[in-house]
Amino acid sequence: MNLLPQKIRVLIVDDSALVRKLLRDVISGDPDMEVVGTASNGVEAIRAVAELEPDVVTMDIHMPEMDGLTALEYIMRKHPLPVVMLSALAQKGATATLKALELGAVDFITKPSHYPSAVKEVREEVVLKIKTASQARAYILRGQAQRKVQPNPVVSRSVQTGEKLVVIGASAGGPKALAEIMPRFPGDTPAAVIIVQHMPGVFTRSFAGRLNNICALHVKEAEENDELRPGTALIAPGGKDLIVTSDDRGSGRVELMDSQNRVGASPRIDTAMITAAEVYASGSVGVIMTGMGADGASGMEKIKKSEGSTIAQDEETCLVFGMPKVAIERGCVDYVVSLDMIPDMVMELL
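In terms of the working numbering, the numbers along the sequence shown are unbroken and rise by one, the last being 459.
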């Protein structure tokens, strides 16, 4: 009997032989992972997925014969499994990457601007995101590929007295999940909303634009000194931690500072939640969603201690049940609900 832990089997898909080699070196250098095959375009990728049955696929977006988005859509339909996209850190790359996340990709890795000297810079991100992706459950991926955005908002509530602030934190699986629930908040939601999604800067800007197009709320990337207003959702910029403050008039404001969090876990959810609790106290609502790690748990604790309300996404609907699990285990979660129930639960608490 083989009692050794099974390695994560990875398929590399990229039209660049150099990138394939660099990824192979990084993956093979980790004792928990192995490369089971490579492909240079989407057609080869589809064939390799069926033949090799890998645990995780890394997929380039721009390739000849069949691009990564087309291959991803087919794989999610026929052989749902965790896919991590490789993306250029540019506006065009951001748009395509967000589309990939909507199609069911678990996460993405930004390609360094120069090879091979930058490999050390991305090694930690590659290893972390592949390991996180390997924990995503296939039935969630399959459901993501089939679900459509629900445009119908929950029943609107009249604005109540007292300032309210909702802080939503997410990581792996977050962009897709947020695109499902945010359109259900009415335009006159009686609270400001802050969304903290682990994502680089150029991507958060594009993500804010995509959400704004499908939401009744006004959604934008947060800027220094933005006012926190009911009916508006601010997305924390990638690479920046968002701090909640108040001005001389008692209005909520945001400040931005360079994030010190590790790769793949920025902006920091805890920072936004902790400062929200300090300013809004019992008027704060914390929501922790799908993602790996413990970010957000300390923030949820602070909100609960400040007599605010806390919500965690349940295990059944999380792509990766990491951050909610930690918060639940710490005993700082008031309500554990499915993804589709989050908007209703939030509105009940406002």
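Heads up, a few of these hints could be off.
Simulated pairs of lysine-lysine, DSSO-like, Cα-Cα distance not exceeding 30 angstroms [to be verified]: (1) K130 - K187; (2) K329 - K229; (3) K116 - K240; (4) K240 - K414; (5) K116 - K130.
Label-pair distances were calculated between CB atoms; the ranges are [to be verified]: (6) P173 - E364: 42 to 50 angstroms; (7) T179 - D297: 20 to 28 angstroms; (8) D134 - E387: 42 to 50 angstroms; (9) G296 - D423: 24 to 32 angstroms; (10) S125 - D357: 51 to 59 angstroms; (11) Q115 - E364: 43 to 51 angstroms.
Hints listed in this document are in silico derivations from the structure and should not be mistaken for laboratory results. Source: prediction; values computed, not measured. By construction, the Cβ of each residue, glycine as well, lies at the ideal position given by its N, Cα and C atoms.
**Message:** Between the alpha carbons of K329 and K229, is the straight-line distance 30 angstroms or under?
**Reply:** violated, 33 angstroms
**Asked** At the C-beta level, are D134 and E387 separated by a distance inside 42 to 50 angstroms?
**Response** holds, 46 angstroms
**Message:** Quick check on a hinted range of 24 to 32 angstroms for G296 and D423, using CB atoms only.
**Reply:** Between G296 and D423, where Cβ atoms are some 27 angstroms apart, the hint holds.
**Prompt:** Between S125 and D357, does the beta-carbon spacing fit 51 to 59 angstroms?
**Reply:** holds, 55 angstroms
**Hint consistency between K116 and K240 [alpha-carbon to alpha-carbon, up to 30 angstroms]** = With Cα atoms ~10 angstroms apart, K116 and K240 stay inside 30 angstroms; holds.
**Asked** Are K116 and K130 close enough, with their CA atoms no more than 30 angstroms apart?
**Response** holds, 19 angstroms
**Pairwise hint evaluation, K414 against K240, where the allowed Cα distance is 30 angstroms at most** = Not satisfied, since the Cα-Cα distance of roughly 33 angstroms exceeds 30 angstroms.
**Request:** Go ahead and decide if the range 42 to 50 angstroms is satisfied by the Cβ distance of P173 to E364.
**Result:** holds, 46 angstroms
**Message:** With the threshold set at 30 angstroms, check whether the alpha-carbon distance from K130 to K187 stays at or below it.
**Reply:** Distance of about 28 angstroms is within 30 angstroms: holds.
**Range agreement (Cβ of D297 with Cβ of T179, hint 20 to 28 angstroms)** = At roughly 40 angstroms between Cβ atoms, D297 and T179 fall outside 20 to 28 angstroms, so the hint is violated.
**Request:** State, for the Cβ atoms of Q115 and E364, whether the hinted interval 43 to 51 angstroms holds or is violated.
**Result:** Given about 46 angstroms between the Cβ atoms, the range holds.
Violated hints, in rising order: 2, 4, 7; the structure is consistent with all others.
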